[in-house]
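**Q** The opening position of the sequence shown corresponds to residue 1 in full-length UniProt numbering, with each subsequent residue numbered one higher.
Source of the hints: derived by calculation from the structure; they are not laboratory data.
Just so you know, even glycine gets a beta-carbon here, dropped at the ideal spot from N, CA and C.
Careful: at least some of the hints might be erroneous.
As the list claims (entries may be wrong) - Distance ranges between label pairs, derived from CB positions:
1. LYS48 / LEU75: 26 to 34 angstroms
2. TYR155 / GLY34: 51 to 59 angstroms
3. ILE114 / ARG80: 41 to 49 angstroms
4. GLU141 / HIS162: 25 to 33 angstroms
5. GLY34 / LYS69: 43 to 51 angstroms
6. GLY131 / HIS162: 36 to 44 angstroms
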Amino acid sequence: MSKRNSPVPATADVSVPEEYVVEKIIDCRINEKGGKEYFLKWIGYDEKDNTWEPEENLDCPGLIEAFEKERARRLKEVERKRKLSTQSDGKGAKRKDDQRKLGFTRGLAPEKIIGATDSPGQLMFLIKWTGTDEADLVKAEEANLMCPQVVIKFYEERLKWHSPNVEENKPASE
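All chains should be modelled from the sequences, with the hints used to inform the complete structure.
**A** Structure follows, in structure tokens:
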């Protein structure tokens, strides 16, 4: 069976080290030094006594091999499910891609900026696209680069000049 020597308690006989027997391997990880460690359940001990142990301290090659085979099988199953979930017929996939694309990634030309907002602490423009009735929120920084003339036109439409009233500027003595 799988065994590991434990540190000798101060009150124990120095010549007989206590041995722990591995019941099962629960998990594995790579430590800071790049070494592999296994999370172990010990025979005769509670779950709270499970410990991480370096691979070199273990004498249970059969349990390690079985754990690694099962782990590889689970990883393959997860990958297979992931591939199946991403596969679909061409029309469905195209429709999903179009729904996910927003702004300039759709490949449409901007017609005009309908409005602006401060969304998540960032200036956003609501842009209407040429040839469609759809509009998307786009980061102002991106719009400034992709369609500067449309941005300028948006600001010009909202720019108001205040001309002084001739009567207001007359001196009070007149």
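**Q** Are the hints correct? Go through all of them and say.
**A** Taking the hints in turn, this is what the structure says about them:
Remark: the range hint 26 to 34 angstroms for LYS48 to LEU75 is upheld by a beta-carbon distance near 28 angstroms. Taking 51 to 59 angstroms as the suggested C-beta distance range, the pair TYR155 and GLY34 conforms, at roughly 56 angstroms. At about 46 angstroms, the beta-carbon gap between ILE114 and ARG80 stays in the expected band of 41 to 49 angstroms. Checking the proposed 25 to 33 angstroms range against GLU141 and HIS162 shows it holds: the Cβ atoms sit about 30 angstroms from each other.
Roughly 23 angstroms separates the CB atoms of GLY34 and LYS69, a value that falls outside the hinted 43 to 51 angstroms. Here the CB-CB span from GLY131 to HIS162 is close to 38 angstroms, well matched to the stated 36 to 44 angstroms.
Figure legend: structure checked against the earlier numbered hints; the only hint not met is number 5.
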